[in-house]
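Position chain B against the provided structure of chain A, taking the given hints into account.
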Amino acid sequence: MSLWVDKHRPRVLDDLHYHAGLSARLRALAASGDFPHMLFYGPSGAGKKTRIACTLRELFGKGVEKLKIDQRVFLTPSKRKLDVNIVQSNFHIEITPSEAGNYDRVVIQELLKEIAQTQQVDLSAKQRFKVVIINEADSLTRDAQAALRRTMEKYMSNMRIILCANSTSRLIAPIKSRCLLVRVAAPDETKTIEVLRYVGKKEGFDVPDKIAHEIAEDSNGNLRKAILVLEALKMQSTDLDKPLTIAKPDWETYCHKVADMIVQEQSPQRVMDVRAKLYELLSHCIPPTVVLKTIADRVVDQVDESLKADIMHWAAIYETRMRVGNKKIFHLEAWVVKVMSLYKHFFYDIDMSGFDD
Amino acid sequence: MAGTKIKPSAKSQGKDIRGFFAGGGGGSKSAGSSMSTQRSNGSLKPSGSTKPDVIEIMSDEDHVESGSKHFHPKATPRSTQPKSERVMDEDDTPSPAPTLKRKKTLIVSSDEEDEEAEKASPPKKKAAVAASSSKAASSSTSASKPTPKAKEPAPRRTSTPAKKRKQDDDFIASSSEEEVHDDYQDNEDEDLPKKGKAKSKAAPQKAPSKKAVPAKKGASAKAPAEKATGTKGKAAAKEETVDADEDKPKPKFNWAAAKAAKAAGPMAPGSKPLPTPAAPDCLAGLSFVFTGELTSLSRDEAVELAKRNGGRITGQPSSKTSYVVVGSDAGPSKLAAIKKNNLKTLDEDGFLNLIATRVPDMSSLDDKTKKKLEKDREAIRTAAAEMEKREKKAAKASAASGSTSKTAAENKLWTDRYAPQTLKEVCGNKGQVEKLQRWLHDWSSSLKSGFKKPGKDGMNVFRAVLITGSPGIGKTTSAHLCAKLEGFTPIELNASDARSKKLVENSTNIANTSLDGWMGGGQTTNAAGVTITEKSCLIMDEVDGMSAGDRGGVGALAALIRKAKIPIICIANDRGAPKLKPLATVAYNLTFRKPEVASVRSRILSIAFKEKMKIPANVIDQLIEGAQSDIRQVLNMLSTWRLQADTMDFDEGKALVKMNEKYAIMTPFNIIQKMLGPYMFSSTSRETLNDKMELYFHDHSFVPLFIQENYLKTQPARVKNLDGPEKALKQLELLDKAAASISDGDLVDSLIHGPEQHWSLMPLHAVCSTVRPASFLYGMGVAYGGPNAMSFPQWLGQNSKQNKLTRQLTEVQARMRLHVSGDKAEIRQSYIPAMFPYIVKPLVDEGASAVDEVIERMDDYFISREDWDTIVELGVDQNKDDFVLKKISTATKTSFTRKYNARDHPIPFHKAADMGKAPRQLAAAGPIPDLEEALDVDEVEDAADEVEDASDDDVSKDKLIKAPKKAAAKSATAKGTTKGTAKGTAKGKAKAKK
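Just so you know, the sequences run in chain order A and B.
Going by full-length UniProt numbering, the residue at position 116 of the first sequence is 116; the numbering climbs one at a time, nothing skipped.
Going by full-length UniProt numbering, the residue at position 227 of the second sequence is 227; the numbering climbs one at a time, nothing skipped.
Among the clues, some could well be false.
To be verified - 27 Å max Cα-Cα, derived BS3-like pairs, lysine-lysine:
id, chain 1, residue 1, chain 2, residue 2
1, B, K435, B, K565
2, A, K234, B, K887
3, A, K344, B, K720
4, A, K344, B, K727
5, A, K277, B, K824
6, B, K579, B, K565
7, A, K66, B, K824
8, A, K66, B, K911
9, A, K248, B, K801
10, B, K911, A, K81
11, B, K658, B, K412
12, B, K841, A, K242
13, B, K612, B, K396
14, B, K880, B, K824
15, B, K886, A, K277
16, B, K824, A, K113
17, A, K257, B, K804
18, A, K293, B, K804
19, B, K389, B, K610
20, A, K257, B, K841
21, A, K277, B, K801
22, A, K308, B, K730
To be verified - What follows is a set of in silico ranges between Cβ atoms, one per label pair, in the way DEER data are often shown:
id, chain 1, residue 1, chain 2, residue 2, range
23, A, S2, B, P763, 50 to 60 Å
24, B, T890, A, A146, 50 to 60 Å
25, B, T591, A, T320, 48 to 58 Å
26, A, P36, B, T890, 53 to 63 Å
27, A, H345, B, T688, 30 to 40 Å
28, B, P763, A, H17, 56 to 66 Å
29, A, R25, B, A891, 56 to 66 Å
30, B, A891, A, V290, 31 to 41 Å
31, B, K893, A, H345, 48 to 58 Å
Derived by calculation from the structure, the hints in this document are not laboratory data.
Note that CB positions come from ideal geometry on N, CA and C, so glycine has one too.
So that you can see chain A by itself, here it is in the shape it has in the complex (with noise of 0.2 Å):
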């Protein structure tokens, strides 16, 4: 009874339904038994863990899905406990370091010695390597992906290590030069569409192309959340003819007041109000970058045209100020009264130009 974007999920190389060139290539180098560290990296919901997994099983077998989750825990030298959790099967292991906070160059380094110091001791294993998945590599330290150079290299016969990442900017050039960088790009509107109804097809019904219109716009690339929205849609009305309004998931609504509220009114006792919904946003785990961009994009939608350029030149400052800042909720608030600012300069000119005429 999963849900259906996980029952459905590919699990060779051949059932992919896009990106054909790059899973032959794939296929190619998992025959070669010259492997390389890789580096996927594209937008969520693009199918990267799945190629990954698909991957893993042309290079070891149907092993690989044989997983098991394992927590390790760690005493940092605060006397903190860190649990981290690590999914393996026989042939590979798959590793989240920021679940590690702060110390996941320790975390990484301890984790790859120990796993590269073994080697392979099931004789009829395809490989003689074991494979190693960094999950949200992008999220590493700086100190950690450091540590990264000289293992992957150090290594290579027993280890082979796969970094998976929403985008490369964060990563330092040695790490990027020493992988075989892999782009996974979202699919596009008509691959969406295709992937939609071969679920619908496995699932015993048709998709009606306005809804599968629909929901491949909403979805903007994002496969994953395609299919969920799919199924919501068939669970809200099982034969989907009638017109059927996509839900927008909770967070999404919200940013939308909050858009909604810095439009409506521009004071400080506004930007106070805002604030309490962005705290809200944020500690309920809505990443700040995903939440300013929501909301800009509302906005902009909102404004009159000579501000949109405005309002998304300083959301893109201020995203980039969160990234390098410590706390999110200040870069967002300035943001917020920039928009507001500048939206109220901008009322007021037109007022003004009013009265002129």
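Relative to chain A, chain B alone:
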């Protein structure tokens, strides 16, 4: 007279200059200097014909001259001095109003002496001097205009007039500097003993302000001055107004003034000359309350001015208040009090005028006060005599015993030498000291009664007393004194003694602490020293200093007190310290308060008298206030001062206090109130950037958070003169700047706390995160109460909430991982909203009947009951947890929980903690904290670790293997229920464990 001749020309020049200024707004400084000269000139001649041509030339020359500090006025014809021209303008007006002159002179001085000008105060003094000189000159030349204020200056002049006249005659243009010097000297010679004060007072701080300020202001300001002087005719007034108008166009006289005008409208710091007090302590016997913001003086300055002249300042108006000085934005409660008590109010001009004119006539004081004064004086004298006597006696005694040197008393510190010998001499806290004495007095009887009778104060049930209070207010002294007076031998243990648990327990037996009983009389002696007799009294000083090495000391002390047979007096600073908790129940708490200034004053005065120091009472007051009633510190300051001088005036006292200032940490709330309050950045504020940054350093981690939390809550002073949309726009602009600056601050902060730890950037952080935002948005509004009450930063709470939820989300993600490829963010953004209709909504819509279905869904994704809570908690908006949980009936919830617990569920993995895994020690990733405590903890933990390691194989530690039967059952069910990959895992685990 030559002077008169000169005048006309000067005037003409002056007018020309005005025109010149109006046109170009030329160098303000030069103008100022010229003005000073002019004044002298101007006063001389009332009417002058202006020669425009000449003027221009002169201006050029003036500049040159100003550049070279000193030019010989004589050598240069007047025409050469552009300043002089200007002066002339002002001369017209100034002669009647001394204030004007002063201002101008001030300016002059600042011009000429740039360095001094930079420091606010020095120029003032000089200016004042200059002003007086100019007056003098004017008076000498035109003797006809004696203003009330001028009275003072007049006599000075008389001494110097000859010189001045000469100069005037020879070259009216004579450099202002020279005149200034002359005046200065004159002042010094003739002025009151407090030359410094007089000068500084006299000096108007910023002459330019008037000019900067709109014409109206200048005119109005002048007008009252004129009236005050009274002697000047209407004509003079006209001239003045004209001057003011002409002055206006030169906005740059002084950047501070210009800025002030821009920032706060009519604010004009230093626009008014400080008056020369009509008599020393001219405000004696008056009490003042200040409210609102004055135009030219900052609050601190005004208060200081009043104090300097002998006035008394109180915080709230009462019926006894003589005057309330009301500025703009006066507090409503104070205004109400004024009405209620029918108090006299003054505006700033009135206040200054009062200082300039009031002569407190001692004769008018009623007999009572006179007698009181006399009595006070007498008391001081007798007290001093008493001290003298005592010292002599002590010296004799010591001489008689033949052991110590005669000068024992002189060698002692003042704090010892003048320590109170009788209860009467203890300053303040009389009630507490008496209580202490009574307790000691009753000690033996209460011991006999087994501490059952509370006695009058309820103290007699305690075997110990805990005295708390800030340093230097006589806690230890009182304790010793009381003990001695009641016939106890005090044994003192203080922070310099080791006082660990063991030692405290033993210290009742050892007698190595105080030998004075033995040394003194030898009555209670034995070979070891003092034995603990029933007449001993243990004084545990500095109890809150028991730390580090004295582990367990306080606890042991409390235990000791419970069985004590002698009185124990504990002394500490902070009553609330957690360390002192054990003592709270066993000792009577006696809180010593800081003594009132008045109660310390007389004592200090007598000591000063005895030491033959001449220090006026208001200076003593200042010292005491500055030391925050720390008597010990005051005495130390005085004894140090005595080495170099035996008099002290107000300014010296101020400097001394400043030097010995105690660094008191302010709370973030107070800092914010100061920082965002209306005064810190107002034009009358005298705080430097460093002072402002200093506030940040009081608590550098909290202040930025507080600023960020509260910066939106002010009504910025910068927009208070605007209205409607303009105000809204401007305010948003300011907000924007402040928010951007806070954002900058965070970037700096991430450099400071980042891997490279650029701590040297802290000053920058101070500016970006605190000072700059506050500079935009300071104003009224941030207070303790009301709708915009200052609040504690939400960031801390929100951040920890975020951390908690992130941790929980990580757990959810880890559990779902076997089926789901997404990372945390994807789980939150896509899966949780998508799963909501499956695992939460049915419970809302269908109630208990949906429970089975929901649990099945959860098992598919290995979601546990706790994870379900997390998922609900993560919702926002319509999925907000409170909102959702409210809609699920209690019955459903219980049935859900019961059913869930009744079943077995597939588990993707076991928590490491459940399996008794030993955590692996990570190498230090960051800086190791070098705290003592941390190290202590380390040792302990390591030991524990070893034990843990040893028992790592011990199956009994594994919570999952409780009893063989159960474990078997569990693995069986695991096999049965889990499908696919999970099955393998669970099985493997179970096997491995066995």
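- Item | Restraint check for K344(A) with K720(B), where alpha carbons must lie at most 27 Å apart | Roughly 19 Å separates the two Cα atoms, so the pair holds.
- Query: Is the straight-line distance between the alpha-carbon of K344(A) and that of K727(B) 27 Å or less?
  - Reply: 11 Å, holds
- Query: At the C-beta level, are H345(A) and T688(B) separated by a distance inside 30 to 40 Å?
  - Reply: 34 Å, holds
- Would you check the hint for K248(A) and K801(B), treating anything up to 27 Å between C-alpha atoms as holding? Since the Cα atoms of K248(A) and K801(B) sit roughly 25 Å apart, the hinted pair holds (cutoff 27 Å).
- Going straight from one Cα to the other, do K308(A) and K730(B) come out at no more than 27 Å? 22 Å, holds
- Item | Pairwise beta carbon distance, P36(A) to T890(B), judged against the given window 53 to 63 Å | 58 Å, holds
- 27 Å Cα cutoff - pair K612(B), K396(B): Within the cut-off at roughly 22 Å; holds.
- Given the range 48 to 58 Å, decide if the beta-carbon distance of T591(B) to T320(A) lies inside it. Holds - the Cβ-Cβ distance for T591(B) and T320(A), about 55 Å, lies within 48 to 58 Å.
- Decide if the proposed pair is consistent with the structure: K257(A) and K804(B), CA atoms, cutoff 27 Å inclusive. The hint holds at about 25 Å.
- Mind checking the alpha carbons of K886(B) and K277(A) for me, to see if they're no more than 27 Å apart? 21 Å, holds
- Within 27 Å, alpha carbon to alpha carbon, are K911(B) and K81(A)? 13 Å, holds
- Message: Between the beta carbons of T890(B) and A146(A), is the distance compatible with 50 to 60 Å?
- Response: 55 Å, holds
Going down the numbered hints, you'll see the structure goes against none, and every one checks out.
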